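Going down the list, the protein sequences come from chains A and B. So for the first sequence, this note's numbering puts the first residue at 1; every next one is plus one. So for the second sequence, this note's numbering puts the first residue at 1; every next one is plus one.
Everything labelled a hint here was simulated from the structure, so no lab data went into it. Quantities reported herein were computed from a predicted structural model and do not represent experimental measurements. The C-beta atom is built at its ideal place from N, Cα and C for all residues, glycine as well. Treat the hints with caution; some may be incorrect.
Calculated Cβ distances over 10 angstroms to all of chain A for the following chain B residues [said to hold, decoys possible]: (1) T2; (2) D56; (3) N295; (4) F328; (5) Y384.
In silico lysine to aspartate or glutamate, DMTMM-like type, Cα no more than 25 angstroms apart, as pairs [unchecked claim]: (6) A/K282 to B/E43; (7) B/K281 to A/E149; (8) B/K281 to A/D68; (9) B/K282 to A/E154; (10) B/K406 to A/E154; (11) B/K304 to A/D59; (12) B/K315 to A/D59; (13) B/K123 to A/E43; (14) B/K282 to A/D56; (15) B/K53 to A/D142; (16) A/K281 to B/D59; (17) B/K32 to A/D68; (18) B/K304 to A/D50; (19) A/K32 to B/E154; (20) A/K282 to B/D142; (21) A/K128 to B/D65; (22) A/K315 to B/E154; (23) A/K53 to B/D56; (24) A/K128 to B/D56; (25) B/K304 to A/D65; (26) A/K53 to B/E43; (27) B/K53 to A/E154; (28) A/K304 to B/E43; (29) A/K281 to B/E11; (30) A/K304 to B/D50; (31) B/K53 to A/D233; (32) B/K128 to A/D59; (33) B/K32 to A/D65; (34) A/K282 to B/E310; (35) B/K315 to A/D142; (36) B/K128 to A/D233; (37) B/K53 to A/D34; (38) A/K128 to B/D214; (39) A/K207 to A/D233; (40) A/K53 to B/D50.
Given next are the chains, with one letter for each unit.
2 protein chains.
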Amino acid sequence: MTDYTRLDEKELRKELDQLNEIYDQIKSQNLKLDMSRGKPCSEQLALSVDMLKYPDPTDNFITSDGVDARNYGLVDGIAEAKELFAEILEVDSKNIIVGNNSSLSMMYDTIARAMQFGLYGSKTPWSKLPKVKFLCPSPGYDRHFAITELFGFEMIVVDMLKDGPDMEKVEKLVAEDPFIKGIWCIPKYSNPTGITFSDEVVDALAKMKTAAEDFRIFWDNAYVVHHLTDTPDRLKNLLSACYEAGNPDRALIFTSTSKITFPGAGIACMAASENNIAHTKKLTGFRTIGPDKMNQLRHVRFLKNAKGVEEHMKKHARILKPKFDQVFNILSAQLKDKNIAEWTEPKGGYFISFNTMPGCAKAVVKMAAEAGVVFTPAGATFPYGKDPLDRNIRIAPTLPPINELKTAMELFCICVRIVSIKKLLGELN
Amino acid sequence: MTDYTRLDEKELRKELDQLNEIYDQIKSQNLKLDMSRGKPCSEQLALSVDMLKYPDPTDNFITSDGVDARNYGLVDGIAEAKELFAEILEVDSKNIIVGNNSSLSMMYDTIARAMQFGLYGSKTPWSKLPKVKFLCPSPGYDRHFAITELFGFEMIVVDMLKDGPDMEKVEKLVAEDPFIKGIWCIPKYSNPTGITFSDEVVDALAKMKTAAEDFRIFWDNAYVVHHLTDTPDRLKNLLSACYEAGNPDRALIFTSTSKITFPGAGIACMAASENNIAHTKKLTGFRTIGPDKMNQLRHVRFLKNAKGVEEHMKKHARILKPKFDQVFNILSAQLKDKNIAEWTEPKGGYFISFNTMPGCAKAVVKMAAEAGVVFTPAGATFPYGKDPLDRNIRIAPTLPPINELKTAMELFCICVRIVSIKKLLGELN
Chain A
1 MTDYTRLDEK
11 ELRKELDQLN
21 EIYDQIKSQN
31 LKLDMSRGKP
41 CSEQLALSVD
51 MLKYPDPTDN
61 FITSDGVDAR
71 NYGLVDGIAE
81 AKELFAEILE
91 VDSKNIIVGN
101 NSSLSMMYDT
111 IARAMQFGLY
121 GSKTPWSKLP
131 KVKFLCPSPG
141 YDRHFAITEL
151 FGFEMIVVDM
161 LKDGPDMEKV
171 EKLVAEDPFI
181 KGIWCIPKYS
191 NPTGITFSDE
201 VVDALAKMKT
211 AAEDFRIFWD
221 NAYVVHHLTD
231 TPDRLKNLLS
241 ACYEAGNPDR
251 ALIFTSTSKI
261 TFPGAGIACM
271 AASENNIAHT
281 KKLTGFRTIG
291 PDKMNQLRHV
301 RFLKNAKGVE
311 EHMKKHARIL
321 KPKFDQVFNI
331 LSAQLKDKNI
341 AEWTEPKGGY
351 FISFNTMPGC
361 AKAVVKMAAE
371 AGVVFTPAGA
381 TFPYGKDPLD
391 RNIRIAPTLP
401 PINELKTAME
411 LFCICVRIVS
421 IKKLLGELN
Chain B
1 MTDYTRLDEK
11 ELRKELDQLN
21 EIYDQIKSQN
31 LKLDMSRGKP
41 CSEQLALSVD
51 MLKYPDPTDN
61 FITSDGVDAR
71 NYGLVDGIAE
81 AKELFAEILE
91 VDSKNIIVGN
101 NSSLSMMYDT
111 IARAMQFGLY
121 GSKTPWSKLP
131 KVKFLCPSPG
141 YDRHFAITEL
151 FGFEMIVVDM
161 LKDGPDMEKV
171 EKLVAEDPFI
181 KGIWCIPKYS
191 NPTGITFSDE
201 VVDALAKMKT
211 AAEDFRIFWD
221 NAYVVHHLTD
231 TPDRLKNLLS
241 ACYEAGNPDR
251 ALIFTSTSKI
261 TFPGAGIACM
271 AASENNIAHT
281 KKLTGFRTIG
291 PDKMNQLRHV
301 RFLKNAKGVE
311 EHMKKHARIL
321 KPKFDQVFNI
331 LSAQLKDKNI
341 AEWTEPKGGY
351 FISFNTMPGC
361 AKAVVKMAAE
371 AGVVFTPAGA
381 TFPYGKDPLD
391 RNIRIAPTLP
401 PINELKTAME
411 LFCICVRIVS
421 IKKLLGELN
């Protein structure tokens, strides 16, 4: 292992020549690999096909609300599905609305309603304000940023630290600026850094003074049960913390079964204060007579309860852990102690966050693409697609088969090394 | 049969006494019947339980797009589902977006996007205009009117005639007023009148000059295949008519399988010009990664094609026709030639529209409710819930078992007769 930053020009050039040779060899294989998407792989999809047996034609289809799940009704979902999510999120089922197949839609719809009508407690619909701003801890999730960009919000980058957003900065900003209406958070096994917010960060978010009367924490708890190890991270309950801090309406918690059962054919929910739930339920009633209750019943019949979900997630972990481990091993073997990169080793979720030396990320992704391996575009993890230091790359190890993953990651490391040397030589455009 | 309007006071009072006696007898039975909702009955729901066998665990789940329906993707739906709806709506599948379980949601979302961003061809997002107005042919569907009321649109009542909206009035209004941005239509077996728009009306809607550059016809073709007889109504294709008239972007056509398979667990679609589809698809991509493709596959595996849907709808008709006939028979037996009411006898759909003498509808619904039979609130079929003549009542015969339907309709007719006599006597408050 060699610290590249301590090599002289001659040593660097020698290393570069060797690496270029390897790169050309790999390039000549005409690879076509995709490392860009946080998608489950086929083996994971197969884990849930037995769910399709439910509800079977001999089912009575009557929910515990006493409603026929085959007919209209229940705009906020069936009682059994509320209870399942309540158990997973450690809240009361009266704090839950169960929707259709997408938690992203529930977030989008919440923001669309905030713009048009205001949220519970809003003095003014957000669209009537001179501007709306959102805090975007970064690196973060591009689809979050895309929504707030679409609605024309000013997005303010806040650094994502090892235990959550930089709370000193967050507290200062929200206390001063009434146009800052919300913050995006993926609090557990965060996308892409993999970190889990500390209890102190959760408490600080719940307690902080906000200039906006209707400030909301968009708490995308997408990976709540998506552990890779037997010693999972623990996340403090934001809704309870907000109730305790006297700010019960601040928390909007979202999750789904997209990466538990089927992406796109799962069920999603929002958990929030009773005021938020009542307000959302009322407005949702104009949009739909109700969500797909049959799919909710299907999920409950199959997963049963939080214990059932936990057992099911262990099966996912058995498939995913070796993939993550392989990425960690290759990164470590090729890049450790070279002083040109750092990366996270999350205990759950779908991503590994990788930082190059400043100014190298775009070049690495481009070089990998030219050899046939697609990574998430550099910059995608920041608002407006602009990583100010051009260093963050999101690695998504779940979809490719393990042999492809090996090839892709070996190429990736070669690219990182080549680009870093060029950077050190002052030869990177 | 007696024309009530030709009876003298003494004769009316004698009739009233007899009717009051019957009413009191019925009231003493403590009925609890619901005639208010356009919901399928249990026998209808049972027709589709075999759909739950699809896709079965041994399916390959690969759509004809080559995509695994269990995983993320295809924001506009799977090719097979597009083809099914294309066949039903007689359009090309490139003109289709298949969504989740609710066509109402797709209409709501279209209006929400129009407000926030504008539609294809809009010069200005609707929310930035001093006002937005919508034409509301009435009687019509309360959930349509509820959406446009929620968004603060001014709703302009246009009379619903026997072959569609009063086009003379429609043409005049849309030509003059650039703030009139749309019209609600249920063009086939309309809710509640049961009429189907004539070819002339469809052509006139397609051709008319509109002051608004982005005028839209919200064409809720909810009952497109919902025939009750072997001589179904034919509806001219609005999208083709709009293309022919040089106004291709004017038509937004919606339908769903809610009353084909399961209400709430069906699949919905929008059909429109390629410009509208591209614009909608792009914005929908911010809201969701895709609809529930598994439920789309489930529907296609079960219904197969338009022919399969037609066969399936015949089974519904066999259940519903006797219910509609019973309502027609009771209305005719009790009210024909009394000169106090008129009603429609639709060849499809879910409703019968009933007009009392002016000023009587609220009183009839109230009286029926006091004897334990709930009808849709009088006025609900008009914008703001206000029927200017207080005469329209929507009768929904599908949900109750046939014996309950008989009791409910007999009571209804008694109430109509009592209220009409009071009206003729000048004794109705």
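Tested hints:
1. T2: holds, 41 angstroms
2. D56: violated, 6 angstroms
3. N295: violated, 7 angstroms
4. F328: holds, 25 angstroms
5. Y384: The assertion about B/Y384 holds, with a minimum of 15 angstroms to chain A.
6. A/K282 to B/E43: This hinted pair is violated, its Cα atoms lying about 31 angstroms apart.
7. B/K281 to A/E149: holds, 17 angstroms
8. B/K281 to A/D68: violated, 33 angstroms
9. B/K282 to A/E154: Holds. B/K282 to A/E154 sits at ~21 angstroms (cutoff 25 angstroms).
10. B/K406 to A/E154: violated, 62 angstroms
11. B/K304 to A/D59: holds, 24 angstroms
12. B/K315 to A/D59: Holds: B/K315 and A/D59 sit about 21 angstroms apart, inside 25 angstroms.
13. B/K123 to A/E43: Status violated; Cα separation ~49 angstroms.
14. B/K282 to A/D56: Given that 25 angstroms is the threshold and the Cα spacing comes to 37 angstroms, the pair is violated.
15. B/K53 to A/D142: Given that 25 angstroms is the threshold and the Cα spacing comes to 37 angstroms, the pair is violated.
16. A/K281 to B/D59: violated, 37 angstroms
17. B/K32 to A/D68: Distance ~19 angstroms between B/K32 and A/D68 Cα, so the pair holds.
18. B/K304 to A/D50: Roughly 23 angstroms between the alpha carbons, so the hint for B/K304 and A/D50 holds.
19. A/K32 to B/E154: violated, 55 angstroms
20. A/K282 to B/D142: Holds, because 16 angstroms separates the two Cα atoms, which is no more than 25 angstroms.
21. A/K128 to B/D65: At roughly 43 angstroms apart (the allowed maximum being 25 angstroms), B/D65 and A/K128 break the hint.
22. A/K315 to B/E154: Violated - the C-alpha atoms of B/E154 and A/K315 are around 55 angstroms apart, more than 25 angstroms.
23. A/K53 to B/D56: holds, 7 angstroms
24. A/K128 to B/D56: violated, 50 angstroms
25. B/K304 to A/D65: violated, 33 angstroms
26. A/K53 to B/E43: Cα-Cα ~22 angstroms, so holds.
27. B/K53 to A/E154: violated, 48 angstroms
28. A/K304 to B/E43: The given pair, whose Cα atoms are some 29 angstroms apart, is violated under the 25 angstroms limit.
29. A/K281 to B/E11: Violated. A/K281 to B/E11 sits at ~53 angstroms, over the 25 angstroms cutoff.
30. A/K304 to B/D50: holds, 23 angstroms
31. B/K53 to A/D233: Measuring from Cα to Cα gives roughly 39 angstroms; hence the hint is violated.
32. B/K128 to A/D59: Violated - the C-alpha atoms of A/D59 and B/K128 are around 50 angstroms apart, more than 25 angstroms.
33. B/K32 to A/D65: holds, 20 angstroms
34. A/K282 to B/E310: This hinted pair is violated, its Cα atoms lying about 36 angstroms apart.
35. B/K315 to A/D142: Answer violated: B/K315 to A/D142 is near 48 angstroms, above 25 angstroms.
36. B/K128 to A/D233: Given that 25 angstroms is the threshold and the Cα spacing comes to 47 angstroms, the pair is violated.
37. B/K53 to A/D34: It is violated: about 34 angstroms lies between the C-alpha atoms, which goes past 25 angstroms.
38. A/K128 to B/D214: Roughly 23 angstroms separates the two Cα atoms, so the pair holds.
39. A/K207 to A/D233: holds, 22 angstroms
40. A/K53 to B/D50: With a Cα-Cα distance of about 12 angstroms, the restraint between A/K53 and B/D50 holds, given a limit of 25 angstroms.
In summary, the structure is inconsistent with hints 2, 3, 6, 8, 10, 13, 14, 15, 16, 19, 21, 22, 24, 25, 27, 28, 29, 31, 32, 34, 35, 36 and 37 from the numbered list given earlier, while agreeing with the others.
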